[in-house]
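Undergrad: What follows is the residue order along each chain.
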Amino acid sequence: MTREILNARRLLCPLPVIRTQDKVKQMQTGDQLEVICTDPGVMQDIPTWCRINGHTVLELLSGDHEYTVILEVGGA
Amino acid sequence: MNKQRKAVALISGGLDSMLAARTIQEQGIHVEGINFFTGFCVEGHTHAIREKDKAKPKRNNSLWVAEQLGIKLHIVDVIEEYKNVLLNPKHGYGQHMNPCLDCKIFMVNKAKQWIAENDFDFIITGEVMGQRPMSQRKATMPIVAKESGADDLLLRPLCAKNLPATLPEREGWVDREKLHSITGRSRKPQITMAKEFGIDEYSQPAGGCCFLTDKYYSAKLVDLWKARDSREYELDDVMLLKVGRHIRPQAHYKMIIAREEGEGRFLHGYKKDYVSMTCVSHQGPLVLIDGTIAAEDLYLAASITARYGQGRDAEQVEVNIVYQDGAERTLHVKPMLEQDMPKAWFI
Ligand code: SF4
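In order, the protein sequence lines correspond to chains A and H. Note that full-length UniProt numbering has the first sequence beginning at 1, numbered continuously upward. Note that full-length UniProt numbering has the second sequence beginning at 1, numbered continuously upward.
Keep in mind that the hints are not guaranteed to be accurate.
Estimated spans, in silico, between C-beta atoms of each pair [said to hold, decoys possible]:
# : chain 1 : residue 1 : chain 2 : residue 2 : range
1 : H       : Arg-259   : A       : Leu-58    : 32 to 40 Å
2 : A       : Gly-30    : H       : Gln-4     : 24 to 32 Å
3 : A       : Gly-75    : H       : Gln-4     : 16 to 24 Å
4 : H       : Gly-269   : A       : Glu-59    : 20 to 28 Å
Note that these hints are calculated values from the structure, not bench results. Quantities reported herein were computed from a predicted structural model and do not represent experimental measurements. Cβ coordinates follow ideal geometry from the N, Cα and C atoms, glycine included.
Build the full structure now, drawing on both the sequences and the hints.
TA: Here it is in structure tokens:
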């Protein structure tokens, strides 16, 4: 299991979702990805994207105009 | 055993593409969604920027639709490739800077590439004949199919019965009889169909799926091109056109003035790339200067900056100017009066 960080600061939705999607494609089932964003829309959009594509949100963190989503990559 | 056929549906987030996908799902076809991000899409953006919109968080309708349908959604970044569509539309523009027909052709073509790469069988869209004046007319339906290269792999479930049978129909992958024959601008058939499917919540964008159908946005885009004497643009330009008040007091520069806190925070992210101004003696918005501002223009720009702050009625205010390299300068100016600002300055 590896854990990676994706910097999606300054990007507005849906770009953080697109970057997450493209990153997850290169990862393996069980890997974790921490996506750091400044658009609060990701708190809704990334979890939705995860649900429809079979990934799991482990944690949603918000603070000081930054929003972090930690997810675990699901099977294809 | 029959092969499980697979279709990719162009999902815009509106009702029509949702119904089209659902119609095909009902026939036992495996459907996945695809959504193209051109940079001009209405989804997200300004809602995310403006403070006042934060109370009601905006969902991304394409993702929401995909979840309602229980399908995967692939969002594709086409920002770079889309430039050519916007700058050189073979079929021209719609009412504003929207190259709808070329845009449709482009997207269906991208979907065609996608099905080839992902071993899918055909493409579906929510197009309805006669629905949109430019891109969804009887005459344009075959143009989209032909020029995108999708030909008869492109199925429009909502109006298929008005069109020649496509490959999925001829091969019996889908039953043509169960497809629809909707025409025209009335939304009634779609609303009835939504009810039948038990879909009671959906979004119905009025204009179109992107900012290019917006009169004011298009005017700002054209102004930008004219001022730069070039139609090149980057994603940041496209974003900044959605934010703030845009004022061009002189041909060689434009001022982008935050209208509220959320916009101010967003513009703050661009401070290193632009000359910026803020009133320091009174509360006031962050202002970015796009273009090249000469020393002799600073006083005018500073007095406009002052006009949008709390000190607008003061005799004199202090405006701080920050350059891209961090150098600063302060000017004392009299805020400009509303009546002294010509309408032509407002883009
Ligand atoms: S409204 Fe915008 S995204 Fe929709 S077809 Fe027209 S140009 Fe394309």
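Undergrad: Does each hint hold? Answer for all of them.
TA: Checked hints:
no. : hint                               : result
1   : Arg-259/H <-> Leu-58/A: 32 to 40 Å : holds, 37 Å
2   : Gly-30/A <-> Gln-4/H: 24 to 32 Å   : holds, 28 Å
3   : Gly-75/A <-> Gln-4/H: 16 to 24 Å   : holds, 19 Å
4   : Gly-269/H <-> Glu-59/A: 20 to 28 Å : holds, 25 Å
Going through the hint list in order, the structure satisfies each hint without exception.
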